[in-house]
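Trainee: Below are the chains, spelled out letter by letter.
Protein chains: 2
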Amino acid sequence: MTQAEQISAVDAEETGRSKIWAHSGDSHLMEPDDIWTSRLPKRLSDRAPRAERGEKYELVFIDGQQISRQLNDFMDAMRPPGVRDVQIRLQDLDQEGVWCQLSFPSMGFWTVNINDRELARACARAWNEWAMEDFMAQQDRIFAPAIVPLVDVDDAVAELESAAAQGFQAIFLPTSMPPEREWGFDMWEPLWAAADAANMVLAYHIGTGRENVVYRGPGGAVVNYMETTYPGMRVVTHLVASGALDRHPNLKVLIAEGGAGWVPALGDRMDEAYRQHGMFVRPRLSRLPSEIVRQQVYASFQHDISAVQIIEDTHYNNVMWGDDYPHLEGTYGHTQQTLHQLFDEVDPRIADRVLRGTFEELFNVPRMSDEMRNGR
Amino acid sequence: MTQAEQISAVDAEETGRSKIWAHSGDSHLMEPDDIWTSRLPKRLSDRAPRAERGEKYELVFIDGQQISRQLNDFMDAMRPPGVRDVQIRLQDLDQEGVWCQLSFPSMGFWTVNINDRELARACARAWNEWAMEDFMAQQDRIFAPAIVPLVDVDDAVAELESAAAQGFQAIFLPTSMPPEREWGFDMWEPLWAAADAANMVLAYHIGTGRENVVYRGPGGAVVNYMETTYPGMRVVTHLVASGALDRHPNLKVLIAEGGAGWVPALGDRMDEAYRQHGMFVRPRLSRLPSEIVRQQVYASFQHDISAVQIIEDTHYNNVMWGDDYPHLEGTYGHTQQTLHQLFDEVDPRIADRVLRGTFEELFNVPRMSDEMRNGR
Chain R
31 MTQAEQISAV DAEETGRSKI WAHSGDSHLM EPDDIWTSRL PKRLSDRAPR
81 AERGEKYELV FIDGQQISRQ LNDFMDAMRP PGVRDVQIRL QDLDQEGVWC
131 QLSFPSMGFW TVNINDRELA RACARAWNEW AMEDFMAQQD RIFAPAIVPL
181 VDVDDAVAEL ESAAAQGFQA IFLPTSMPPE REWGFDMWEP LWAAADAANM
231 VLAYHIGTGR ENVVYRGPGG AVVNYMETTY PGMRVVTHLV ASGALDRHPN
281 LKVLIAEGGA GWVPALGDRM DEAYRQHGMF VRPRLSRLPS EIVRQQVYAS
331 FQHDISAVQI IEDTHYNNVM WGDDYPHLEG TYGHTQQTLH QLFDEVDPRI
381 ADRVLRGTFE ELFNVPRMSD EMRNGR
Chain Z
31 MTQAEQISAV DAEETGRSKI WAHSGDSHLM EPDDIWTSRL PKRLSDRAPR
81 AERGEKYELV FIDGQQISRQ LNDFMDAMRP PGVRDVQIRL QDLDQEGVWC
131 QLSFPSMGFW TVNINDRELA RACARAWNEW AMEDFMAQQD RIFAPAIVPL
181 VDVDDAVAEL ESAAAQGFQA IFLPTSMPPE REWGFDMWEP LWAAADAANM
231 VLAYHIGTGR ENVVYRGPGG AVVNYMETTY PGMRVVTHLV ASGALDRHPN
281 LKVLIAEGGA GWVPALGDRM DEAYRQHGMF VRPRLSRLPS EIVRQQVYAS
331 FQHDISAVQI IEDTHYNNVM WGDDYPHLEG TYGHTQQTLH QLFDEVDPRI
381 ADRVLRGTFE ELFNVPRMSD EMRNGR
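Chains as they are written, first to last, in our numbering: chain R, 31 to 406; chain Z, 31 to 406.
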């Protein structure tokens, strides 16, 4: 028995329920404080993303400019010990029943807000080196999407190609972009062509590319949470309506953490616009928007029961579960409880698809034993 | 046989299919050009919303300021003869198989962008008078939500109460608001209390409160169409998270035209925020966000098959069909084809709910005969 299988057996005996093993399409690495200072020359590392803890808020700066402010309490709540140590983290995974994790950046998210081309290039490269050395070279269950510098598309292409050659399987992209750089513009075509050629997944993570506290008022925590969701929908709309995905039918897009139950509705709304406003639609597409979505767009969720419920009747089959480890909105500490609530009453084929199938369709992963796959 | 029943019988004979009769939760009245000039003193009517047809674009002005620009072709495509004549319109309804219509404004939508308190009051009052005299007093199948002036909440309350006394059953509200006037702020509490007391539905229509062309680039027609959808989601989020709907459990909200398949996903996402970020959530609610949504939020769609598909498994039961008459994105000219495509294979109880039940739950309507209800 492997260690994971031993834990499985113990867990099943203790709880009387089988352990459900899943892959997570939405997890996070947490960078050491010196990730930039240890890897970049001082003239650059001084301007790299940096967190500063104040009395009540943790502030993030890039190049001297404050770009984010979050409560210390909020940040502290999402930093379990395993988040900085790969061996402790693997124990967490075994305990929770998570076999593989696509692990997005934490501080690295802010690199997309860098406006200086050299700095953006250097930060992306350093982050990818760190992720490879400290995580991906140590084990094969936790892997990251590469960061690509977005100031100039040629730099993004170069970093994507370098990352692909090293074994990265996806690139991280932010859901919010300045209006003149939206994802549907032709300026990004070289990146789509390169991702297509290298079989790299476009892994968008919600809540990236802009400050996330956009509303202060009653219900703010819930409102701002929802405000991170719409940009994920926008990304799908731009990539579909612009023809980017139609031109590259093998390109796969993951919208991580924003839920998945809304995807069929989005496809239908786009079809309605495409058909009913047909005389104004440019470019024409070779497939209906909803078909492109079904074939190329994946979406991950943590707790949403509707993300599972909609699959059977809408036939939207690209729903992926994610633990959002180690974040507060994720399932760390209650993963098995959540998975049993979500899947105990669900058709096993649908459960297998959401828990493991969609992830394995996008990524090469170490084999999960049949015993684990079947919850024995 | 009534005229409607005669048409039904002819239609069934011609097509070999029974006629499906529905109510529409999303239709439009179209104002005569002189709606403001004939009802307001000149010093006000000069500043009321006004359309001006240029060579290529139709421009809308309020108080001298241009606030919208749409292609003439686009505007012309949504003006069939029945849109200005109630008798022709009733023939259209009989032909299409639509029994009742909640009919929103057209030019009247722009009254919500008026900043002058007196002008807002006068325009709302004039629109409501016109809708009552020219439509609602003439027949009982087509009825409008009242416009309420939003510059000052006391004016909105007064107009709501006056409208309710005249027989209006809903008020129209716009989905986009300036940040300092979002629907979750306590400033609106008197309006919710008045609507609750008068049993008036809050009828939000997407694409209102701001210019709708927000993106110019590849896929613009589809992207801008989708951009009208998110504000409808935002409205639900603000009304739920702020506690407004929780304080008034009998208050009903309709989000018209934005589709309905996304509602369960929105409820689940809000639940996730509410539970997982619980320590930061103010106010606490007496019900989970998803419960409030299920009990008080209704949503209308035209063509989206997923809006129907999600009902059985998610148990979100407040899906309402709408024809969006006379708009291009509506079903005028192909209503029966659309309804048969949507409902022929659907559980009759679900079809009855979407086609008629949700509408009759919100509004008092003239009785539809059992023969029509049963498609005979």
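It is worth saying that the hints were derived from the structure and are not from the lab. Some clues are possibly wrong.
Which copy is meant is left open, because identical chains are indistinguishable; a pair holds if it fits in one copy or across any two.
20 Å max Cα-Cα, derived SDA-like pairs, lysine to any residue [said to hold, decoys possible]: (1) K86 with M108; (2) K72 with E342; (3) K86 with V376; (4) K86 with R312; (5) K72 with V90; (6) K72 with D226; (7) K86 with T368; (8) K86 with F310; (9) K72 with D115; (10) K86 with G308.
Trainee: Hints first: check each against the structure and report whether it holds.
Mentor: Comparing the hints with the structure gives:
no. : hint          : verdict
1   : K86 with M108 : within (16 Å within a copy, 55 Å between copies)
2   : K72 with E342 : neither (55 Å within a copy, 60 Å between copies)
3   : K86 with V376 : neither (44 Å within a copy, 55 Å between copies)
4   : K86 with R312 : between (49 Å within a copy, 18 Å between copies)
5   : K72 with V90  : within (18 Å within a copy, 56 Å between copies)
6   : K72 with D226 : neither (36 Å within a copy, 63 Å between copies)
7   : K86 with T368 : neither (32 Å within a copy, 56 Å between copies)
8   : K86 with F310 : between (51 Å within a copy, 14 Å between copies)
9   : K72 with D115 : neither (26 Å within a copy, 74 Å between copies)
10  : K86 with G308 : between (52 Å within a copy, 18 Å between copies)
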